[in-house]
Amino acid sequence: MSTYSSTDHLAVKNVLSRYCEALDLKKWDLLSDVFLHDVVADYPFNSDLRGVEAVSKAIQNRLGPVRTHHSLTTQSITFSENGKSAQTSTHFIGVHFGQGPHEGKMLSAYGRYMDELVLIPAKEGDLEGVPGASGVWRIKKRTVAFTQRIGDEKIMKEF
1 MSTYSSTDHL AVKNVLSRYC EALDLKKWDL LSDVFLHDVV ADYPFNSDLR
51 GVEAVSKAIQ NRLGPVRTHH SLTTQSITFS ENGKSAQTST HFIGVHFGQG
101 PHEGKMLSAY GRYMDELVLI PAKEGDLEGV PGASGVWRIK KRTVAFTQRI
151 GDEKIMKEF
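In this text, residue positions in the sequence shown follow the UniProt record's numbering: the first is 1, and each later residue adds one.
Please keep in mind that the hints were generated in silico from the structure rather than gathered at the bench. Incorrect hints may have been included.
As the list claims (entries may be wrong) - List of simulated lysine-lysine pairs, BS3-like, C-alpha gap at most 30 Å:
no. : residue 1 : residue 2
1   : Lys105    : Lys27
2   : Lys157    : Lys141
3   : Lys84     : Lys123
4   : Lys157    : Lys84
5   : Lys141    : Lys27
6   : Lys123    : Lys57
7   : Lys123    : Lys140
8   : Lys154    : Lys123
9   : Lys13     : Lys140
10  : Lys57     : Lys157
11  : Lys105    : Lys84
12  : Lys26     : Lys140
13  : Lys154    : Lys27
14  : Lys140    : Lys27
15  : Lys123    : Lys157
16  : Lys123    : Lys26
17  : Lys154    : Lys57
18  : Lys84     : Lys57
19  : Lys84     : Lys27
20  : Lys157    : Lys27
21  : Lys57     : Lys141
22  : Lys26     : Lys105
23  : Lys26     : Lys157
24  : Lys141    : Lys13
25  : Lys140    : Lys57
26  : Lys13     : Lys84
27  : Lys154    : Lys84
28  : Lys105    : Lys140
29  : Lys13     : Lys123
30  : Lys13     : Lys57
31  : Lys27     : Lys123
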């Protein structure tokens with residue numbers, strides 16, 4: 001019998017959405033509310049990242065010269081039998097807008113986030129806006145796979 005609450009489904013979705021918010025608003029400190037401190041991540045542009053600081057730095061280096069808009073689409077969430085972990089597969093579209101000499105150019109990335117999340121105890125009264133959740137969820141392991149990239153790759157370079 002599973003021990004997760006139906007509101008845990010929403011709590012997991014919120015964590016994945018918070019990731020997009022962090023990137024699009026360039027609020028890098030939010031990434032510590034997405035990933036475990038010792039997360040392991042594999043991105044096509046930087047594999048074998050270890051720790052939230054390494055993930056944050058790699059993303060900042062990659063997205064520094066562009067503005068972005070990330071959208072999450074098709075998604076599946078599967079909770080473990082004990083309700084303490086979850087596996088997710090989330091399709092995304094990330095649009096990157098060129099700046100400076102690349103103004104008006106775009107690069108669209110299509111792909112999938114494949115995540116392993118774990119449940120951790122909430123701090124006093126903090127269920128991250130999801131009353132009834134079993135605690136808070138964080139990504140323990142992330143793998144990112146691109147399906148297709150369309151546009152001008154040059155906009156991703158610093159200017």
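Has the given pair, Lys26 with Lys157, been kept, meaning a C-alpha gap of at most 30 Å? holds (17 Å)
Lys105 paired with Lys140 [C-alpha distance capped at 30 Å]: violated (34 Å)
Has the given pair, Lys123 with Lys140, been kept, meaning a C-alpha gap of at most 30 Å? holds (19 Å)
Given the hinted pair Lys26 and Lys105, is their Cα-Cα distance within 30 Å? Holds. Lys26 to Lys105 sits at ~20 Å (cutoff 30 Å).
Regarding the pair Lys105 and Lys84, is the alpha-carbon distance no greater than 30 Å? violated (43 Å)
Given the hint that Lys154 pairs with Lys123, test it: the Cα-Cα distance must not exceed 30 Å. At roughly 44 Å apart (the allowed maximum being 30 Å), Lys123 and Lys154 break the hint.
Take the C-alpha atoms of Lys141 and Lys13, compute the straight-line distance between them, and say whether it is at most 30 Å. Given pair Lys141, Lys13 holds - Cα atoms ~16 Å apart, limit 30 Å.
Below or equal to 30 Å on CA atoms is what counts here, so check Lys157 against Lys27. The hint holds at about 20 Å.
For the pair supplied as a hint, Lys141 and Lys27, confirm whether the alpha-carbon distance does not exceed 30 Å. Holds, at about 21 Å.
Given the hinted pair Lys13 and Lys57, is their alpha-carbon gap at most 30 Å? Distance ~24 Å between Lys13 and Lys57 Cα, so the pair holds.
Given the hinted pair Lys154 and Lys84, is their Cα-Cα distance within 30 Å? violated (42 Å)
Verify the proposed pairing of Lys154 with Lys27, using a straight-line Cα cut of 30 Å. Holds. Lys154 to Lys27 sits at ~24 Å (cutoff 30 Å).
Hint compliance for this structure: hints 4, 8, 11, 15, 27 and 28 are broken, all remaining hints hold.
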